[in-house]
Amino acid sequence: MKLSERPMEITDKAFRYDSFTDGAVVSGKITGRLPAMGWNSWNAFGSGNTEALTKEMAKKIVELGLDKLGYKYIVLDDGCYKPERVNGLLSNEEEKFPSGFKALADHLHSMGLKFGMYNDIGTNLCAGAAVGTCGHEMEDAQTYIDWDIDFIKVDNCYYLWDNATFSNSENAKYTYASAIKSICVKGCGLDLLYDACDDGIVFGNGAVVTEEAGVKFVKGIGTYDGTGPDNTPVGILSGELRFDISADEAGEADLTLMYATGREPETGCWLQVAIGEGENAEYFYDDLLPESENKTTFIESPAIKIKLNKGKNILRLMNHRRQENTLYSYAELVKGFEEAFRNGSPRKDILLSICEWGKTQPQNWGYKVGDSWRILNDITFQVGSDGDPGHANWSGDYTTGVTNQYNKAVIMDEFAGLSKGWNDPDMMMIGMNGMDETMCKSHMAMWCLLNSPLMLGLDLRRVEKGDPIHKIISNKELIDLNQDALGVQAKRIYSTLESVNPDKVYLRDNKRIDVLAKPLSDGSVAVGFINLDTESSHEKICVDKSLICKLLRSKMRNPEAFEKASSYSVKDLWSGDVFVNESGRFEVPELKACDTVVWRIYPQ
Amino acid sequence: MTLGRFVNILYGDKGSDGIEEARLSGIIDRYESKHTEIRLLRKDAARILHLYMQKVLDVRDEENITNASVLKDLYDCRVCANHIAQVYLRGIMKEHEYSNGLILFDSDSEISDKEGKEAINKIHGMK
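First to last, the sequence lines map onto chains A and B. Every letter in the first sequence is one number past the one before it in numbering that gives the first Met the number 0, and letter 280, counting from 1, is 279. Every letter in the second sequence is one number past the one before it in numbering that gives the first Met the number 0, and letter 35, counting from 1, is 34.
For the record, the hints were derived by calculation from the structure and aren't laboratory data. No false leads were slipped in.
Capping the alpha-carbon separation at 25 Å, the derived lysine-lysine pairs in BS3-like fashion look like this:
no., chain 1, residue 1, chain 2, residue 2
1, A, K570, A, K591
2, B, K33, A, K95
3, A, K101, A, K67
4, A, K591, A, K539
5, A, K464, A, K58
6, A, K81, B, K54
7, A, K570, A, K549
8, B, K71, B, K113
9, A, K334, A, K12
10, B, K33, A, K81
11, A, K311, A, K180
12, A, K95, B, K54
13, A, K54, B, K54
14, A, K294, B, K71
15, A, K591, A, K510
16, B, K54, B, K121
17, A, K347, A, K101
18, B, K13, B, K33
Among chain A residues calculated to face chain B with C-beta under 10 Å, some are:
no., residue
19, G47
20, G395
21, T398
22, G433
The C-beta atom is built at its ideal place from N, Cα and C for all residues, glycine as well.
All chains should be modelled from the sequences, with the hints used to inform the complete structure.
Have a look at this one:
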């Protein structure tokens, strides 16, 4: 099969950046699901997972009673397919999975569990097998339905339209617009030259006015790469160059640009031209521009026909294709499932776990197609194998650590919800080397409060009923927070490093204590006090009912009852202790290094 | 350098027996054992060497791989970052330094005969 040489043409407004805030989802996306719970093979076994190991994990899930607590999905990550397609189709790696995936699905289903698999929107999987869904979405969707899967995690390696992992780095040409020096508009009574730097409006974030070789121009028109931890996920994460153009009459005009192209982040070749915003946006160009000699040699574009309205027009020069292309590719797989159902396959629930590592800011669009979206690159690169638990960090380099993932996820609560889906700070690392019991407890508490998918990532043969790890992963009261029917991710209502906008400011200094609050369906509120630091804290931390209600009022079931309660019954979700609070001020006097206190507070 | 030649030198010039031994030890997979003619990339050499260290030499991993992050492309490869870090931190495979100061592992470039033999010599020196 010959793959396309350019990104798909987007004709459906549903995939446009301007539709990202409309709340609409693609056909086949089911809303109202709570975060998925289960076990994923990656952190435990990397590419070395096998059918035998998977069956042992399933057996342990049941033996440990974890299935009864909601851990239902058994997900095969990378490393389970043949390295190439067979007659155009996916097939099982026969040494590792000799019985095939349908037989494994049947086995898991017979145990009351659900079966999850893995693929990629690129040409290859991250571990290299040339069996990505790119261009094969329809037949792969049918194959997955034939295998009776319930869940699919879809990665982003070798993606053709972005400079993703293992992709051609020059794919940046698709994700950034050219550098722009000036534009000219002729028609509708206008014959005007606009300087990009003096007359243009650099809108959003990322696009900048710059000067090279004595020439001033605008570059960086595109979307931030969110794979690494450097940028906040909150706010506008892309940049456009805009011009206010007033026309005395409505009609057609010619737009030409002086531009220069590149094939690297900040300077690409793909331009989108639109007039207007939101649902009124009308697109006039969405394509590659002819390439210039280099990124500072400016050339004149062919004339682009635009339609101006009488009066003020917002002319937008932009490139939102990084997000739009990725959304489109994930949607193709959902479309494939829908097609298979229409063709007679029995309809069933299949969860889609988007794993593009936060690269294209999926918090903006993931809800349209998926049930969760990864927010960063991997939580650990030191995954285990049979006999080696792998290594985890509390706080590490790049994205590798519990706190590295938490720090981003904790300000992303507004992107999550029952009508959308869930932020995914990656599989859990509880039980891996490098994490002590306190860290594991806090890791579990964080993921529960954040409404993250709860995917265990350890070799469960190392767990016995009643041991410390089992007690942590089977803490029903914490799981109840994660699975609460109200479906609200906790909000950070206070941090020792930020008291003004604790729910919005991206904090990466771990010498702090955060307080999170999560409204629950029975009118109670969970409050978590989290010490991110590896030193103990003897600072008294206090939040009161008015602060909780002020920041969570619109999401609470009955904020008045909570605020006006005469007393509160407070349950410690780790110790099980219950006490009465009459002040409405909730405080902890100290916290051990990396420790967490989680209370469920019931108004009386 | 081809995968077959690399594995053959690593296993002491045993020919197809060495390839089979590597497969049975989980150092290479079945596909690789049947496609020994493929040109070996540096990331795959790092994986083979790391797995050999773990499974044959019983060498424990360095837990803290932070120092390997001087390689600006370390985390570009989620499935090989640890393999690269482990061989890099032990000096078994080296970085590529560019004139603009950029230090990369260059995981997608092919390993040269010289680099391959040097790395294997270092591994054999660990026995």
